[in-house]
Amino acid sequence: LHSTAPPEPSLYTVKAVFILDNDGNRLLSKYYDPELYPSIKEQRNFESNIFNKTHKADNEIAFLEGLTIVYKSSIDLFFYVAGSAQENELMLMSVLSCLFDSLTHILRKNVERKCLLENMEGAFLVVDEIIDGGVILESDHQQVLQKVNYRVGHPSILLVLTTAPVLQVLQSAKDQIKWSILK
Amino acid sequence: MIKKFDKKDEESGSGSNPFQHLEKSAVLQEARIFNETPINPRRCLHILTKIIYLLNQGEHFGTTEATEAFFAMTRLFQSNDQTLRRMCYLTIKEMANISEDVIIVTSSLTKDMTGKEDVYRGPAIRALCRITDTTMLQAIERYMKQAIVDKVPSVSSSALVSSLHMVKMSYDVVKRWVNEAQEAASSDNIMVQYHALGLLYHLRKNDRLAVTKMLNKFTKSGLKSPFAYCMLIRIASKLLDETEGGHDSPLFDFIEGCLRNKNEMVVYEAASAIVHMPNCTARELAPAVSVLQLFCSSPKAALRYAAVRTLNKVAMKHPSAVTACNLDLENLITDSNRSIATLAITTLLKTGSESSVDRLMKQISSFVSEISDEFKVVVVQAISALCQKYPRKHSVMMNFLSNMLRDDGGFEYKRAIVDCIISIIEENPESKETGLAHLCEFIEDCEHTVLATKILHLLGKEGPRTPQPSKYIRFIFNRVVLESEAVRAAAVSALAKFGAQNDDLLPSVLVLMQRCMMDSDDEVRDRATFYMNVLQQKQKALNAAYIFNGLSVSIPGLEKSLHQYTLEPTEKPFDMKSVPLATTPITEQKTEIAPVATSKLPEKLAPSRQDIYQEQLAAIPEFQSLGPLFKSSDPVQLTEAETEYVVRCIKHTFARHMVFQFDCTNTLNDQLLQKVVVQMEPSEAYEVEHYLPALSLPYSQPGSCYTLIRLPDDDPTAVSCTFSCTMKYLVRDCDPNTGEPDDDGYDDEYVLEDLEVTVADHIQKVLKPNFGAAWEEVGDEFEKEETFALASVRTLDEAVNNIISFLGMQPCERSDKVPENKNSHVLFLAGVFRGGHDVLVRARLALADGVTMQVTVRSSEETVVDVILASVG
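Chain order of the listed sequences is A and B.
Residue 1 is where the first sequence starts when you use the UniProt record's numbering, and the numbers rise one by one after that.
Residue 1 is where the second sequence starts when you use the UniProt record's numbering, and the numbers rise one by one after that.
Calculated from the structure, these hints are not laboratory results.
Fair warning: there could be bad hints in the mix.
Unchecked claim - Once the Cα atoms are required to be at most 25 Å apart in a straight line, the calculated PhoX-like pairs of lysine-lysine come out as:
1) B:300 x A:109
2) B:300 x A:53
3) A:41 x B:24
4) A:56 x B:300
5) A:30 x B:168
6) B:24 x A:30
Hey, can you work out the whole structure from these sequences and the hints?
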């Protein structure tokens with residue numbers, strides 16, 4: 001916390017990004033610094049520690065395990081971006097906002113666990129367009145969406161339409177409406 | 001809560017996670033449909049997603065199964081489904097390290113990277129560079145250069161960022177793309193600008209001139225990207241730091257100008273850069289502090305956090321610069337983000353007046369349980385700083401700390417509290433008893449062995465000297481009954497100290513010791529038996545040597561000597577004096593608390609600097625007969641900075657000899673020096689016995705030569721001497737580029753500054769934790785006393801520091817700290833004289849017009865006493 005050195009001039013800004021559900025389970029996570037938590041076990045410990053300390057209060061920013069962490073939650077999802085203690089907090093925020101806004105569009109504003117899991121490939125592609133190996137590749141969500149060019153609901157809605165009985169489609173639509181009201 | 005419950009309910013009903021209970025083997029089985037014709041993009045996409053999901057969950061893939069899946073995946077390049085292709089790129093990147101022969105996709109990726117579909121090109125470049133090694137890089141170099149300057153921003157950015165990743169692996173190849181990167185830097189796209197700047201800096205960062213030029217160009221041209229601005233600010237402040245550039249430099253102007261940028265990210269970066277600069281004056285800080293002040297009332301939590309964290313930093317060095325923000329900080333102490341509130345309070349504690357301390361402490365105690373350990377440590381550090389600033393507040397602080405000590409918390413946090421309490425006890429004698437009482441209570445229920453042993457050690461040291469030593473015995477003996485081996489052993493040592501110091505407690509301590517002798521652990525029993533026997537002798541000297549002050553030898557040195565002794569069977573008993581002394585432990589005197597970012601590794605007993613020298617010198621045949629190394633001095637510079645040759649000397653003292661080690665560096669790239677020696681002319685009866693030359697001294701590679709001196713045997717009081725030194729050597733001119741020397745050389749010499757040997761070189765520092773006991777142990781057989789007037793010295797502090805550095809002895813009992821507003825002081829110094837004789841000095845100082853000093857010296861050897869008094873006079 002009291003590091004004396006100013007940040008090194010470098011493009012490597014993001015140490016890790018991860019999305020957890022409301023039980024703290026990992027849905028997606030990327031670590032960009034090979035020296036930070038090299039094993040899966042360490043990563044999971046880190047994620048659960050962060051989750052325990054952040055999920056109760058929506059505080060946007062925290063300093064944990066020597067890292068600056070910015071976060072945001074939506075219904076049953078928690079989004080985290082971590083950087084070094086010296087990192088410019090606002091840079092990390094711009095990554096977090098870009099990730100959140102991009103997913104909001106891709107998930108048609110249903111930023112919740114079920115919808116995310118149904119469009120997991122979209123989430124993987126979005127993260128890939130925002131950060132490359134720890135470097136911020138893009139921070140404007142419009143640009144990200146354009147680059148990913150991902151058609152919403154593809155493929156699960158199609159799958160539902162062709163194979164599922166009508167009742168199930170209706171149920172799914174009801175769920176989505178319910179969640180958007182609760183939000 | 002209802003929401004969460006609903007969700008759970010629904011989950012169990014419909015199983016909404018399509019990836020739940022995913023089996024790796026089943027997914028790999030499914031992946032066989034990649035080989036079916038025609039390709040079903042929808043199903044294949046779903047399977048690829050499952051594979052990536054599994055990898056992301058940390059599922060382990062064997063090389064064979066990964067390679068099989070990877071090869072099957074390559075068939076999917078035949079499909080033109082965009083999302084499927086993008087997922088193929090992701091799979092390639094994820095599998096690059098676990099599958100074999102990933103390079104078979106090179107041609108497919110090269111085709112996509114140069115093809116017509118813009119959406120493919122960027123991602124294809126990034127995937128390709130991920131699987132490319134240095135040899136293959138040459139093959140795609142042409143494409144990379146084109147891609148960097150491509151007019152499609154995503155292509156250019158991808159190429160630049162990938163190049164940056166490859167700098168580590170293939171610097172020489174990527175270096176050739178500087179011109180392209182330069183062109184990209186003037187792109188209209190903000191991300192391309194940023195990435196180009198980042199790559200250019202990485203390629204040039206070792207060439208200060210090139211960095212300066214680059215900065216000049218970009219700070220003038222005005223970039224559009226806020227990220228690029230942040231990068232420029234960092235480069236500029238690093239350059240300012242390296243060149244020690246004054247604050248009138250155009251670089252400083254640039255950073256200050258960025259405080260008026262319209263993007264908050266840039267403004268904050270600039271403010272933070274200014275705050276981090278060393279030697280900033282209050283006037284230079286002011287504009288940065290006022291933008292941070294504005295950020296304090298931002299609706300964005302991240303910005304408030306950033307601002308208050310940076311202000312906290314300013315407050316450490318320049319509390320007055322932050323006072324202007326006190327009102328804004330006051331508003332933040334109720335912030336719902338507790339990290340922000342904590343930082344605000346700890347900042348106010350540094351800047352506020354003594355009167356506000358109580359109020360702030362009350363505020364912070366209302367939520368201290370809610371904040372993370374990292375911030376609790378910040379609070380403890382603030383308290384520690386406060387106690388030094390306002391010693392009168394120590395009772396409030398002590399109370400607060402003891403409450404914190406009772407709360408839950410990790411090791412780092414508890415250690416910070418314990419260290420803080422210990423430092424308060426040491427600074428304020430009147431707080432000793434309360435502090436010890438809190439610590440006693442803490443060890444009753446302490447899970448950290450390190451802290452328990454540390455506190456027991458402190459109790460043993462301080463407890464016996466309090467008015468009521470008996471009350472600590474119960475706490476200590478409880479440890480013997482209840483704790484792990486290490487703690488029990490520490491408790492036994494602490495008990496022994498009570499028995500040794502207090503005669504009326506001795507019988508009870510002996511009874512307790514008796515019980516410890518039946519412990520199940522070897523170490524505990526051994527200690528108890530040892531102390532039992534020492535205590536029963538009832539001799540002050542024995543108590544001092546074996547209970548209070550312990551061994552003063554270097555532990556690695558002792559280990560080595562004992563090992564050596566067991567290798568050579570001999571009739572002679574082992575001689576403790578043959579073991580090199582420990583260089584003083586600094587921990588005893590430390591007052592500040594270690595920063596948060598301490599390494600989490602367990603502390604190992606690292607060999608000290610002197611142990612390393614001992615090893616190096618013992619490896620030189622000429623010095624093997626000199627015995628153990630007694631003392632190594634700090635390096636003394638014998639040349640001015642920035643001269644042709646840089647020489648520094650380390651003085652190594654042995655029982656009868658001294659070895660001067662000259663570390664020489666040749667800073668001329670057109671010369672090779674050979675047979676380098678430093679010739680020495682002594683002013684006294686010191687005799688040069690041997691010169692050991694440095695055989696070769698190429699440009700910028702340091703080398704050492706040695707001079708061996710015999711100390712005068714007949715006159716042991718001749719402890720000081722001045723040597724005039726001349727470096728002599730053979731010069732061979734050489735080609736600055738290749739380092740190839742000429743065949744012929746010529747002799748030359750270079751005059752160095754004089755080297756002084758003083759009394760301090762003959763004395764090794766030794767810390768006696770209980771000086772009084774040591775004083776009695778040595779006894780007054782050879783005691784001598786003399787009074788001196790130090791006319792030129794104005795303060796007691798100055799006098800104390802002068803004596804310590806002159807004699808090179810260890811201050812004990814914290815007597816190097818002169819309490820404020822006192823006009824007399826007693827300084828206790830301990831050391832060992834060359835040859836292994838203990839020497840103790842008590843200096844009574846009185847401040848009148850100058851400082852009057854009465855020096856009393858005790859030693860086990862008379863000449864030593866004379867030497868000390870003669871050299872002081």
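Here is how each hint holds up against the structure:
no. : hint          : in the structure
1   : B:300 x A:109 : holds (22 Å)
2   : B:300 x A:53  : holds (20 Å)
3   : A:41 x B:24   : holds (19 Å)
4   : A:56 x B:300  : holds (19 Å)
5   : A:30 x B:168  : holds (21 Å)
6   : B:24 x A:30   : holds (20 Å)
Checked against the numbered hints listed earlier, the structure breaks none of them; every hint is satisfied.
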